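**Q** Sequences are here, hints too, so could you generate the full structure?
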Amino acid sequence: MIALALPAQSDARAPFVTRLAATRSDRTTDSFCLSSSAEHSLWCGANGLMEIAHPRAALLGDIVLVDPAARRVERLIRATSRHNTLLVTERCDQLCVMCSQPPRKTHVDRFDLLTQACLLAPHGMTIGISGGEPTLYLPQLLALVETVRAARDDVQFHILSNGQHFTQAHVERLRSPVYRGVTWGIPLYAAQPYDHDSIVGKQGAYDRLEQSLVHLLRAGARIELRTVVTRDTLPGLLSLARAVTLNLAHIEQWSIMGLENIGFARQRWDALQVDLRTGFAPLAAAIDRAILHGVPVRLFNMPLCQVPPAYRHLAVASISDWKQRFAKACDGCSAKPDCSGFFEWHPDILVEEVTPL
Amino acid sequence: MKKGRFLISTLVMAGIVPVSPAQADTSGMGSGAAPPDPDDALVKRFTLEHRFLLAQHRSHSSHSSHSSHRSGSTGRPRAPAYTPPPPRRPRATPAPAPAPSRNERSTPRQSILPASPETAPRAVAPSSAQISSVVRQVQIALLARSYYRGAIDGLVGRETRAALTRFQTDNGLDVTGTITPETLDALGIAAQ
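Listed in order, the protein sequences are those of chains P and D. Take the first sequence: its position 15, counting from 1, is numbered 15 in the numbering used here, and each next residue is one higher. Take the second sequence: its position 143, counting from 1, is numbered 143 in the numbering used here, and each next residue is one higher.
There's no promise every hint is true.
[To be verified] Take a look, some chain D residues computed to stay more than 10 Å from chain P by CB distance: (1) Ala141; (2) Leu143; (3) Ala144; (4) Arg145; (5) Ser146; (6) Arg149; (7) Gly150; (8) Ala151; (9) Ile152; (10) Asp153; (11) Ala162; (12) Thr169; (13) Ala186.
[Said to hold, decoys possible] Cβ-to-Cβ under 10 Å is the rule here; a few derived chain D residues that face chain P: (14) Ser132; (15) Val135; (16) Ile179.
[Claimed, not checked] Part of the chain D face toward chain P, derived, beta carbon under 7 Å: (17) Gln130; (18) Ile131; (19) Val156; (20) Thr178; (21) Thr180; (22) Pro181.
No lab work stands behind these hints: they were computed from the structure. Predicted model, so just to flag it, every value in this text is computed and none were measured. Backbone N, C-alpha and C define an ideal beta-carbon position, used for all residues, glycine too.
**A** Spelled out as structure tokens, the structure:
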């Protein structure tokens, strides 16, 4: 597990964003290292001094948010990682039964700082944006995307959203070339409104999502649909595949995802968890249907050895590096480099149920 | 008679004559029409779905802008731009994680990404040896230049800040009230 937030001290008065650079330069956005031990490193930049409870080498190139009052540093963008996700709010207007990041009522507006961080991102990086529900702050969110993409068209965004807040008024704006670099990852759990609504904990969510999808499609937005496989969603997957191929054939990808044992799903694990090795059939039928109709499917968070051979080429190593974990037996597996592995918080007993390939 | 039928279906195909419900019902199954050729029915079922798809898509004009938009930007109409590279190709492995993969805590955190500052639990303060040593050097240097009269305590308090601000103002540095690289240079404190 890679720590994303580190204890730190700083003499700055307010939170700021800086890049931890290898060498000193005139760039006011950079900080450089004054000294480092095995456990601490001391950095200095235009915003002042900071000491981070982490050695220099592991931090080089990272773009961090320093919060002097909270005495901590958040590694917003790690230079060596492909998995960087910014949390823009912890508020959400849905309450999904398997939510991995349960919402909170508080919101701290950090869009300015996050924009600065994105502007410093390494070349060609894709930055994830998550929450909470990012589109609760749609004006700020779109401003961030537009500011960053106008200055850095090499940077792409992948934004997770429940799709409850797009309106006709956004269509024209989202047609801007700026949004060619933006993919919207939108959860859809069932083809029946009632089923989807009960999973996301909000009545009318399905109908509102349908409206948003129309607006997004009219804007030519890039859409990734995401469906988490649980005992609730598994029986309806084929019907969902039918709906997707009929009505949403222009999405960029349908991501079918394994469950994450954290947040709300942790308390409901036994009621939600599907054993892929015995329960794959409905999933296979849904995948076949989607592929037959030319909708690209990918399987996320599913270890390769638990996916039937015919479908393994669809499974991607999706779990972010900082929360990825493997069983001991995985060391002898030839497919390990291509495998998602498990989440750090996956139940220990289940992690060991692997079959090296 | 035969000519008439031919004419009508041509008009229907051209979209000029509205399709009657009997004709529109191409699902084949259970409709009162003569038993259709199974292949024909299958073709019609697919046709039906296709038409349904366009209707659900709602705006045909957006449809074209949609596709041109995408192919214009990437040249690959359906290339999943967000997805990690296709499986089976060796993945560009990120830098090796320092502590590979095992978390010994019995209870995982309740959420994944760091919580926002207001709700974050107070982090344990790191040993402040490094930062306070530099702050002490700065305080001594400011004291020597008569900008500072407070304690050499290694803490950036109000007095240290005020002294830094005055020193930066007098020396034409960016006035931040914090210890910047230029301030260290001007005070003759070497960066190690």
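**Q** Work down the list of hints and note, for each, if the structure agrees.
**A** Quick rundown of the hints versus the structure:
no.: 1; hint: Ala141; verdict: 14 Å, holds
no.: 2; hint: Leu143; verdict: 17 Å, holds
no.: 3; hint: Ala144; verdict: 19 Å, holds
no.: 4; hint: Arg145; verdict: 19 Å, holds
no.: 5; hint: Ser146; verdict: 21 Å, holds
no.: 6; hint: Arg149; verdict: 19 Å, holds
no.: 7; hint: Gly150; verdict: 14 Å, holds
no.: 8; hint: Ala151; verdict: 16 Å, holds
no.: 9; hint: Ile152; verdict: 15 Å, holds
no.: 10; hint: Asp153; verdict: 13 Å, holds
no.: 11; hint: Ala162; verdict: 12 Å, holds
no.: 12; hint: Thr169; verdict: 16 Å, holds
no.: 13; hint: Ala186; verdict: 13 Å, holds
no.: 14; hint: Ser132; verdict: 9 Å, holds
no.: 15; hint: Val135; verdict: 7 Å, holds
no.: 16; hint: Ile179; verdict: 5 Å, holds
no.: 17; hint: Gln130; verdict: 4 Å, holds
no.: 18; hint: Ile131; verdict: 4 Å, holds
no.: 19; hint: Val156; verdict: 4 Å, holds
no.: 20; hint: Thr178; verdict: 3 Å, holds
no.: 21; hint: Thr180; verdict: 5 Å, holds
no.: 22; hint: Pro181; verdict: 5 Å, holds
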